[in-house]
Amino acid sequence: MKVGDLSMSALRSRLAQGDLTLRVPPFVARLQSNIERVARDLHLLYADFELGSPDDFADFHLEVLLERGLRRWVKPMARFFADGEAAFSPLPAEQAFHMVEWGLNWAVSTMAHPYLSYHAAALEQGGRALMMPAPPGSGKSTLSAALAHRGWRLLSDEIALYDLERRQMTGMGRPVNLKNTSIPLIQAFAPQAQLTKPVPDTLKGTLALMKAPGESVARIREPARPAWIVTPRYQAGAEPTLSPLPKARMLLLLAEQSFNYDLHGRDGFEATAGLVDPCECFEFIYSSLDAAVLCIQQMADSTP
Amino acid sequence: MKARIPLLLSVLRAPDLTAGLSAAEWDLLIRQARRAMLLAKLAVLLEPRLQSIPAGPRHHLSAARLTARRQTKLMHWEVAQIHRALATTGVTPILLKGAAYLMADLPASQGRLFGDVDILVPKVHIQAVEAALIAHGWGFDPNLDDYDRRYYREWMHEIPPMGHEQRGSTLDVHHTILPPTARIAVNAAALFEGTRPLASQPGVRVLDPCAMFLHSAAHLFHEGELEKGLRDLFDLDALLRDFGRDPVFWRDLLPRARRLGLTRPLFYALRYTGHFLATPVPDDVRAAVQAEARPAAPLRVLMDFCYSRALLPDHDSCNARLTPLARALLYVRSHWLRMPTGLLLRHLLRKTWMRVTQAQRQSLAGATAAAEPEQR
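Chains A and B are the protein sequences, given in the same order. If you read the first sequence in the working numbering, its first letter stands for residue 1, the second for the next number, and so on. If you read the second sequence in the working numbering, its first letter stands for residue 305, the second for the next number, and so on.
No lab work stands behind these hints, which were simulated from the structure alone. Ideal Cβ placement from N, Cα and C applies to all residues, glycine included. Hints are supplied without guarantee of correctness; some may be wrong.
[As the list claims (entries may be wrong)] Pairwise CB distance ranges, derived in the manner of DEER restraints:
hint: 1; chain 1: A; residue 1: A238; chain 2: B; residue 2: A439; range: 44 to 50 Å
hint: 2; chain 1: B; residue 1: A624; chain 2: A; residue 2: P191; range: 52 to 58 Å
hint: 3; chain 1: A; residue 1: D301; chain 2: B; residue 2: I438; range: 56 to 62 Å
hint: 4; chain 1: A; residue 1: R233; chain 2: B; residue 2: Y451; range: 57 to 63 Å
hint: 5; chain 1: A; residue 1: P135; chain 2: B; residue 2: A391; range: 45 to 51 Å
hint: 6; chain 1: B; residue 1: G419; chain 2: A; residue 2: S13; range: 37 to 43 Å
hint: 7; chain 1: B; residue 1: M658; chain 2: A; residue 2: A16; range: 29 to 35 Å
hint: 8; chain 1: A; residue 1: L70; chain 2: B; residue 2: L448; range: 31 to 37 Å
hint: 9; chain 1: A; residue 1: G4; chain 2: B; residue 2: G419; range: 41 to 47 Å
hint: 10; chain 1: B; residue 1: S326; chain 2: A; residue 2: A16; range: 42 to 48 Å
hint: 11; chain 1: B; residue 1: R317; chain 2: A; residue 2: P135; range: 43 to 49 Å
hint: 12; chain 1: A; residue 1: G126; chain 2: B; residue 2: S326; range: 39 to 45 Å
hint: 13; chain 1: B; residue 1: G578; chain 2: A; residue 2: P135; range: 39 to 45 Å
hint: 14; chain 1: A; residue 1: L70; chain 2: B; residue 2: H579; range: 39 to 45 Å
[Stated by the list, open to error] Using 20 Å as the maximum straight-line C-alpha spacing, the simulated SDA-like pairs for lysine to any residue come out as follows:
hint: 15; chain 1: B; residue 1: K532; chain 2: A; residue 2: A82
hint: 16; chain 1: A; residue 1: K204; chain 2: A; residue 2: E101
hint: 17; chain 1: B; residue 1: K377; chain 2: A; residue 2: G265
hint: 18; chain 1: A; residue 1: K2; chain 2: A; residue 2: Q32
hint: 19; chain 1: B; residue 1: K377; chain 2: B; residue 2: L410
hint: 20; chain 1: B; residue 1: K377; chain 2: A; residue 2: H113
hint: 21; chain 1: B; residue 1: K532; chain 2: B; residue 2: L311
hint: 22; chain 1: A; residue 1: K247; chain 2: A; residue 2: A273
hint: 23; chain 1: A; residue 1: K75; chain 2: B; residue 2: T661
hint: 24; chain 1: B; residue 1: K532; chain 2: A; residue 2: A87
hint: 25; chain 1: B; residue 1: K532; chain 2: A; residue 2: F269
hint: 26; chain 1: B; residue 1: K427; chain 2: B; residue 2: G394
hint: 27; chain 1: B; residue 1: K377; chain 2: A; residue 2: E270
hint: 28; chain 1: A; residue 1: K197; chain 2: A; residue 2: P76
hint: 29; chain 1: B; residue 1: K377; chain 2: A; residue 2: R266
hint: 30; chain 1: B; residue 1: K377; chain 2: A; residue 2: F269
hint: 31; chain 1: B; residue 1: K377; chain 2: A; residue 2: P278
hint: 32; chain 1: B; residue 1: K377; chain 2: A; residue 2: H264
hint: 33; chain 1: B; residue 1: K427; chain 2: B; residue 2: F496
hint: 34; chain 1: B; residue 1: K532; chain 2: A; residue 2: K204
hint: 35; chain 1: B; residue 1: K377; chain 2: A; residue 2: D267
hint: 36; chain 1: B; residue 1: K377; chain 2: A; residue 2: D262
hint: 37; chain 1: B; residue 1: K532; chain 2: A; residue 2: G84
hint: 38; chain 1: B; residue 1: K377; chain 2: A; residue 2: G268
Can you make the complete structure from the sequences, with help from the hints?
In structure tokens:
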């Protein structure tokens, strides 16, 4: 059964009881929330995700709840808990679902150790993976959102998972984070894209989440062989340019962008080197989204 | 003593129980272990049967092993750096607690997660030690206000925690077991008798087995916040089982406790390791400790009430209705042990005030400018 198959009232009730078990392959998350916005955004963004049973083993246990007391009626704030332990500052309740997403990111980046996890976007085409490691503000989420609607299967816009043993890239098909001007940009670029109602005035500006296109979720269990690693950088007015990057540089860059690289010690180094070695590595400067998507496709097509 | 036995405790005492666990029980077990900081220890105990464990929990157990191994490496480095920093002062630091178990290669260090390093130095050398540490990159929390600073300097058994600016590690420098204003007469000087060198790290020492056990026991049974309580209890159990193989340890334990002024914590240590973990102790030792250090019945009943609840993991599945009360009582008690009543009241009032106003400030701050959670 999928999230989208549940009625809103059934979803609300499971969430309120903390029974909602979401399969986010390769993980399982147990969610609890008493916030209406969370139920609605979950219904939209995770409609295609499978539900598990409350008796299943869950990797992560996350709660996003309204702060108690009089504040609840005046200016409701949401609070994040990891298995009952409070973490992070409270946020206005309208950002509650972003809190769920950040919470899931935090859980994955701190507990997903069978994988090497990187702060990077990852997409797949023809069984091959494109990885885009980059710090925030590089535009990788916007680029991922665009590519996901132009012949690429979205693995992740935020956390790329690398299976050390099978040497394959995987992701979770979770919603893409868009902010400020990216929101209208993507809406124009892909009118069929489903977005949550933008939330203004957060610390990062206006935020919205874009649902991963249906096929991305349906095929989420299919991993991909890493083929390209591209570090994107938005530069106003620039022509899309791919400049080859030495692999040694890319290795260091990936290590820097990894959440658990140091935990794996030598194995982490060897695995990251094994990830980079067969890939074509580029630095990518772009401004126009259409031109960028075309350029990336040309890169993919020209690889045997 | 009433104690609802959490799944975690049953499994740690009898790892074979895992053979029949359902998915929901594995879920609960991993959560309890994580909260109690015993996930790595659980992983060590389940190592022989790891491959037969379902993939879900198995991944988390493997991850905990990885983390413990990594922290062990970092810990060795940290101790070496501390030695280096203090080499010119002529002071030989004595490692305490987790760092000591690890560097002395004791079974208690197996599957243990390490955080802070605790060292003991004579009070007379405190300033020289502090200066040397600061010169090598350690510093105090700049947010520590004047009250807290004074609290440490005047009333505590340690100086404020020091953090290393580059490595981010924490170092607690102790100069005694209990603060000078304590109601219990503790002979700190006796701690420095009979310390042992380390094979793995010159220039750094550890307490002798009796003192090490007694110090860890005193630490646990004077502690006000017990989120590491069960973990610490397992440390005591491991120390007793290991040191207890030598009859000299048992012979010297009570006399040493007497000399240090720690017979009451010894009583509690034997009582609660026995209750929770069935730690074997020779009958004559147990009887002698009871005869000498057992508190009067009302106090004993109160302590049983508190510790039988507060030593369990601070997790919804383990907290009974009266557990918050038990924890609160032990919190107050830990401060009562450290300071005279007048001082205690002022201190608690201030702490409560700070907590209430901080919660208000946090709410306001959240409403206007929320921070994105750190991902590392």
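Going down the list of hints, with the structure as the test:
no., hint, result
1, A238(A) to A439(B): 44 to 50 Å, "49 Å, holds"
2, A624(B) to P191(A): 52 to 58 Å, "56 Å, holds"
3, D301(A) to I438(B): 56 to 62 Å, "60 Å, holds"
4, R233(A) to Y451(B): 57 to 63 Å, "48 Å, violated"
5, P135(A) to A391(B): 45 to 51 Å, "40 Å, violated"
6, G419(B) to S13(A): 37 to 43 Å, "40 Å, holds"
7, M658(B) to A16(A): 29 to 35 Å, "34 Å, holds"
8, L70(A) to L448(B): 31 to 37 Å, "32 Å, holds"
9, G4(A) to G419(B): 41 to 47 Å, "44 Å, holds"
10, S326(B) to A16(A): 42 to 48 Å, "24 Å, violated"
11, R317(B) to P135(A): 43 to 49 Å, "47 Å, holds"
12, G126(A) to S326(B): 39 to 45 Å, "41 Å, holds"
13, G578(B) to P135(A): 39 to 45 Å, "54 Å, violated"
14, L70(A) to H579(B): 39 to 45 Å, "43 Å, holds"
15, K532(B) to A82(A), "18 Å, holds"
16, K204(A) to E101(A), "15 Å, holds"
17, K377(B) to G265(A), "10 Å, holds"
18, K2(A) to Q32(A), "17 Å, holds"
19, K377(B) to L410(B), "16 Å, holds"
20, K377(B) to H113(A), "18 Å, holds"
21, K532(B) to L311(B), "17 Å, holds"
22, K247(A) to A273(A), "9 Å, holds"
23, K75(A) to T661(B), "19 Å, holds"
24, K532(B) to A87(A), "18 Å, holds"
25, K532(B) to F269(A), "33 Å, violated"
26, K427(B) to G394(B), "14 Å, holds"
27, K377(B) to E270(A), "19 Å, holds"
28, K197(A) to P76(A), "18 Å, holds"
29, K377(B) to R266(A), "13 Å, holds"
30, K377(B) to F269(A), "16 Å, holds"
31, K377(B) to P278(A), "32 Å, violated"
32, K377(B) to H264(A), "12 Å, holds"
33, K427(B) to F496(B), "11 Å, holds"
34, K532(B) to K204(A), "37 Å, violated"
35, K377(B) to D267(A), "15 Å, holds"
36, K377(B) to D262(A), "11 Å, holds"
37, K532(B) to G84(A), "17 Å, holds"
38, K377(B) to G268(A), "15 Å, holds"
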